[in-house]
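Asker: Spelled out, the chains give:
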Amino acid sequence: MDLINAVIVLLNYTIIPALTYGSQLALGAIFVTLIYGILRFANFATGDMMSFGTMFAVLLTYYFQSIGISFGFLPTALLTIPFAIFMMILYMLLIDQTVFKYYRIKKSPPVQLAMVSVGVMFVTQAVIRIIIGPTDRRFLDGEKFILKATEFKEMTGLAEGLTIKSTQMITIVVTIIVVAIMFWFLNKTKTGTSMRAYSDNEDLALLSGIDPKKVVLITWIIAGILATIGGILYGLDKSYRPFVYFNNMLPIFAAAIVGGIGNPYGAFFGGYVIAFAEIFLTYAYKRFLVYILPESLEPNSLMQLLSTDYKFAISFSILVIVLIFRPSGIFEGKRI
Amino acid sequence: MRNYLNIIVAYSIMMLLIILVGIFQSWSIALTIFNYCMISAVMTLGANIQWGYAGLINFGIMGYTALGGLAVVLVSVAPVPEAWSVGGVNMMTCLGIIIIMIFSTRYILKNIQKSKKRNYLIAGIIIVGLILIKIIAGPAIEQIEAVDPAKTGFLGGLGLPVLFSWIVGGLFAAGLAFIVGKVALGLRADYLAIATLLIAEIVVSIIKHEDWLARGVKNVIGLKRPAPYEIDLQTSPWFINLVEKFHSAKLDIANSLSERQDILNQLVIDASSVYVKLCFAGMFLVVVIILLIITQKALYSPWGRMMRAIRDNEEAASAMGKNVVKQHLFIFILGSAIVGIAGAMMVTNDGLFTPGSYRPMRYTFVIWVMVIVGGTGNNFGAILGGFVVWFLWVEAAPIALFFINLFTAHLPETNEIKVHLINSAPYFRFLLVGIGLLLIMRFRPQGIIPEKIIKQ
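From first to last, the protein sequence lines stand for chains A and B. Using our numbering, read the first sequence as starting at 279 and increasing by one per residue. Using our numbering, read the second sequence as starting at 2 and increasing by one per residue.
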């Protein structure tokens, strides 16, 4: 019985939150890695682009609520995803045409493009703050919990309760669907294959008749979908605040590089590596140990390796360690 | 002279703008902007050494700035004896353990050949060391933080003069740069940018959350100043006499003696704040000029030519027998040290240390915009960039407000769009700086004052 209780404690406080957070990071990391693999620059506007897509979802959710449209027990924000993605892709293509295209045609060094993306970051932040303001917004409606701790205790008779928030379930399910479709697209369709070819060797791809304009267009469309969905899922689970989204750029970068930048599978995996490391290293194991250790050995401190203040610092330290020992990432980087 | 014409024109325009702020807003605001421009200029000089001279991209400016600020606290604040007596020994032991860890790791790296055994040994040393530190420091930290937490709760500093901390700030930053350089300088440019940014975040989060060191997010206020305090000035007779002489015309039109006294009091209060800021401006100006002379000399020395050669063609320079790795590390340390000095200057100017305010937006990306806009590789350009961008950053809100009012003048006061726009005026600074950066990158990638190479 104690063992089951211990497992439930771990599930409740570490594994489910880590899976959720990891999925949110993974979507962002695949976005970073696609841009890096095909357009060949580190996009510092990542967090703000995700924020931009989410902003439309928030505004549309408020609008739908005001005219009385809802999605039953699911959050209304899920209904707004297609519209938000559409606006996001329009914005990305506009930015690409007005800003990035010039440097791509000139074949500027990646550093210059990264610098330009810093400019895009500033502008995007300004636009977001002017439209929606910098305040914290919650836009989750519908059922909040799938499983409540008290219900679980009654059901099983265990001492520990298991809580599953609906946002956690939605995040994991939506991520699996989106990522599965994306990998299928990249591996099985002709367009996806041409994108991988373009990423591997640009000149060779051009020689074999791949249209670079089409590849770039498709890349931005996929990036828009990933960024918007990733942003909305994060916003539903926590809350929407532009500043937080900007900060999320850093663990997302860490995930992309840890997995091997340019490699979508690596990025997907990297998201979970970062999330699990952050949560496992900052969790206080006291309650878990109380269940599995004999009474004489019970710990009296919190048994926490690091305080939760260092959550971000952990993911960055992992990144630094990976960069020193295996700069190409856990999976071999730079391939799509 | 002709060569310098564009520099002189650009600087005159900048000075004119600041003087206009003085005339239309107030001299106190103008001097605040001027001081911050100068601090930004020092930061851009540091970043320009790394990026302009050597082509190294350092997005970790925030971390070095924060370390410079930490130096001010550690040097100038008076020590807290109670905290030292309850936890000083333990903390010093931990410092000793860290030093032993570093040296034993170095010894192993040098004397044992690359093998699995070596990796295990190093990992073992680090893990054992961390556990020891956790055991020894844990209770000590709790006790230190419990010493009068509202006012102190930290070890305090050395109680030395605050100007000394500017040098220490530079040294701290140089130390961090040495570690970062050893770890990350071999990476490709964009990886280096991300790695330095994240390492800076780690540094800031340590400063933020280790309360025993510098009170963390509880901030340290009332730091020492190298300039007189306003309160002291307002009561010292020589200063009041000076203000009286300066404004005799204004005072003479007063009708009665009491009215004259009121006007005089107001003038003295205004003048004391201006006087203090002038003192700071003078000190900062000295630092900027010294740094400018040194960096200019370095740029046109054989060493500067070598750095440019390394930047433009690493392989060729390496083939000529230049040690690229060593030079990169050296210049990375040099540039970061200058940024550290700027960080210390800024905290001295503010008189308070607020670790929570170190954010990448303000302390990394804005500084980079300054470097790019001003002109990479040109020290005069870097300083100008610091002035122009900081000026825009501060004055963007009033400018935006002016234009919003102009364009929405026909709308009624209660119009929703107008109210919303007026409320979001502060965010136009991001827009202005972002668009400025994009335009410069597109149409004048070499910056306002481009790099100039003197052929000899």
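None of these hints come from the bench; they were simulated from the model. Worth double-checking, as some hints may not be accurate.
Claimed, not checked - To be clear about the criterion: a stretch of chain B counts as covered by chain A if any three or more of its residues have a C-beta under 8 Å from a C-beta of chain A, and this derived list gives those stretches:
1. 194 to 201
2. 416 to 430
3. 436 to 449
All of these numbers come straight from a predicted model, not from anything done at the bench. Note that beta-carbon positions come from the ideal geometry of N, C-alpha and C, so glycine has one too.
Asker: Hint by hint, say whether it matches the structure.
Answerer: So, going through the hints one by one against the coordinates:
Restraint check on the segment 194 to 201 of chain B versus chain A: 6 residues with Cβ-Cβ distances below 8 Å, three needed, restraint holds. Counting residues of the segment 416 to 430 of chain B whose beta carbon lies closer than 8 Å to any beta carbon of chain A gives 6, which reaches the threshold of three, so the coverage claim holds. Look at the segment 436 to 449 of chain B against chain A: 6 of its residues bring a Cβ nearer than 8 Å to a Cβ of that chain, three or more, so the hint holds.
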